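*Asks:* This is what each chain is made of:
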Amino acid sequence: MIGWLDTILQGLMLGGLYALFATGLSLTFGVMRLVNIAHGDLSILAAYLALVIVQHFGVSPFLSLIAVVPLMAIIGYALQTFLLNDTLGDDILPPLLVTFGLSIVLQNGLMEVFSADSRGLSVGEVQTASLPLGGGIAVGVFPAITLAAAIVVLALMSWLFNSTSLGRALRATSDDQSTAQLMGIDNRRLYAVAMAIAMAVVAVAGVFLAIRTTFDPTSGPARLLYAFEAVIIGGLGSLWGTLAGGMVLGVAQTIGFALSPAWGIAVGHIAFLVVLLIRPNGLFPRTRDA
Amino acid sequence: MGKILNVSRRHFLQGAAGASVAVAAGGRAAFAAAKPIKIGYVSPKTGPLAPFAEADQFVIDEMAKRFALGLTVAGVKRPVEILVRDSQSKPTRAAEVAASLIKEDGVDMILVSSTPETTNPVSDQCELNEVPCISTVAPWQPWFFTRGGKPETGFNWTYHFFWGLEDIIGVFDAMWASVPTNRVIGGLWPNDGDGNAWSDPKIGFPSVLLKEGYKIVDPGRYQDLTDDFSAQISAFKDGNVEIVTGVPIPPDFTTFWRQAVQRGFKPKVATVGKALLFPSSVEALGPSGAGLSSEVWWTPNHPFKSSLDGRSAMQLAEAFEKGTGKQWTQPLGFSHALLEVAVDVLERAKADDNSSIRDALATTDLATIVGPVKFGGKGPFKNVSKTPLVGGQWRKGTKYPFDLVVVSNTLAPQIPTQGKLELL
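Keeping their order, the protein sequence lines are chains Y and B. Each residue of the first sequence is one higher than the last, beginning at 0 in numbering that gives the first Met the number 0. Each residue of the second sequence is one higher than the last, beginning at 0 in numbering that gives the first Met the number 0.
This is chain Y alone, in the form it adopts within the complex (with noise of 0.2 Å):
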């Protein structure tokens, strides 16, 4: 029972940083409809600005985020403005080759700057310190600040989208974008914007990975599949459904882990094929299908 109790836990945790991964992309797709295959590769973009800072400064990763967020930000910004945006339109099949080829530049970028050598950041006892529960239950210290930056991220994220005007915006522009176009917003700006936010969020999730394993320059597609399957499980658009749907995916790999280590990955594709089939548009959609 109290193995059980135990592997729910790590799931639980570990569905804390599928959901850093997810909130970005489940961002996006929310708001312009665009699935950014380059996601995972950005994220890896971001461990190594985080790593060039924490070598040059020698400061602590978590302190770089201070840093690489808004850098991250800033390229996003630029990214959506000069690129995605004339991707967008009626057909989805534009961004999506984009977003391909963005990817495939990416790796082999960093490839040439960083070279192909595997990189971790170190945040000291931290990364190995641990806190016991009782009953022989233990959580990692790491994990547990992941899950709470998840957690932290998504209700920054939800003020924005409920109690400001920006997020206002952002929500009538993904309800109905030539209509929120007549009440003079301008969708363009306003798309940017947003993927400076998921950019930013990304930062947070690729300086997490790097800290809790070694990242090289093509780490970055492993990591956009969970990301999709926590925001199809979640719900497409929906930012706690996101959470929902990274512990979902967490928790049935942690799950089949301990069942036998061949089925960790594939239990948690099997819940997500399940989901599909009994909810195909997630745990807690907020858009519809068209």
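If you're looking for bench data, these hints aren't it; they were derived computationally from the structure. Since the structure is predicted, the reported quantities are computational estimates derived from the model, not experimental observations. Where is the CB? At the ideal position from N, CA and C, for every residue including glycine. Check each hint, because a few of them may be wrong.
Derived coverage of chain Y by chain B (criterion: at least 3 residues anywhere in the stretch with Cβ under 8 Å from a Cβ of chain B; other residues may be distant) [to be verified]: (1) 4 to 15; (2) 122 to 128; (3) 131 to 143; (4) 204 to 217; (5) 259 to 268.
Covered stretches of chain B, as calculated for chain Y (at least 3 residues, CB under 8 Å) [what the hints assert, rightly or not]: (6) 224 to 236; (7) 277 to 290.
Use these hints to put chain B onto chain Y, whose structure you have.
*Replies:* The following block gives chain B in isolation, referenced to the frame of chain Y:
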């Protein structure tokens, strides 16, 4: 500003044109009308296997300087071209570039290195098209048997030098025998080519270890890029594991190792293949990387010399570190040795056709920087030459964050040890 740019560009163009004319003229003068010898070189320059190929560029640049003087093949001084192709870490791409090297570029010989995913498809293309091929940096069983090699007949065009699965089992076994433990081993074997071979009850670790009285806790094959190892860690803790081994990819070992510390699992020895080959992977682990152990194919302390220029392993590593500003890595020695064998074969070939070059290759017996390379033995060893394997441990370094120290040489006593295996 515009003017300065203009002038410098003109200067550059003039200089470049002059240089290319000089090269062309020099080439003509030195070699008369001799047709160049073309050597194809396939390795994974990009993609997940790229760390294996990191030393290639340095070695090839060095060789290009040497080849500028030409090479005497069958009594004729010939210019040499090395055509480098990137496999992008994909077997299909490796086969494609090998085919185009053979059919479009008309290479006289192909060199290939770095994991069965690269060596096998390239060797297959060479065997099929009857082009001599030398490969390395892949254990010999997956190179020989996976390609359908039969010990009775062997291959006609493809040759390989590296160690085998029996060596890595022997090396790990010898390392563990040198320290006091409860002899309970936890296996971290993934569901990929290496993981399945290592964990195989007939040819893998269990076959040897169980006979020697070790107990193995094997939670089962897992997928590469797993994000959670708590199941394995619980199994290891419950089984009272004191020795961890396996062949995980670097990110998986990092995830495992960090979670293990978080969950209070502290084995006495952790000896893993693949994940700990490169200093960068160990550095990525931070301070908890010290004391981990791994197989060692080559170090600057190996007592071997280059047959090309007489440099010792240490001198080659120093030249690499000076030239690239990076710490030496194990594939460096093997990339160099690959070209050593190629030069030796070409110089011994009786004529410049494929069969003559192959005949020279088949009778190779050369002392290289990674040890002796000799083809023409019995069974698989007609095409395979084994290089020595020792065991090493990562220690806190002086010049770089971590140094790889040889701690076990039971299988290859000619290679000096630099210390004894220390418990974690």
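*Asks:* Decide, hint by hint, whether the structure agrees.
*Replies:* Going down the list of hints, with the structure as the test:
1. 4 to 15: The restraint on the region 4 to 15 of chain Y holds, since 5 of its residues have a Cβ under 8 Å from chain B and three suffice.
2. 122 to 128: holds (count 4)
3. 131 to 143: Contact hint for the region 131 to 143 of chain Y vs chain B: holds, 5 residues under 8 Å.
4. 204 to 217: With 6 residues close enough to chain B, the hint holds.
5. 259 to 268: With 6 residues close enough to chain B, the hint holds.
6. 224 to 236: holds (count 9)
7. 277 to 290: Result for this restraint: holds, n = 9.
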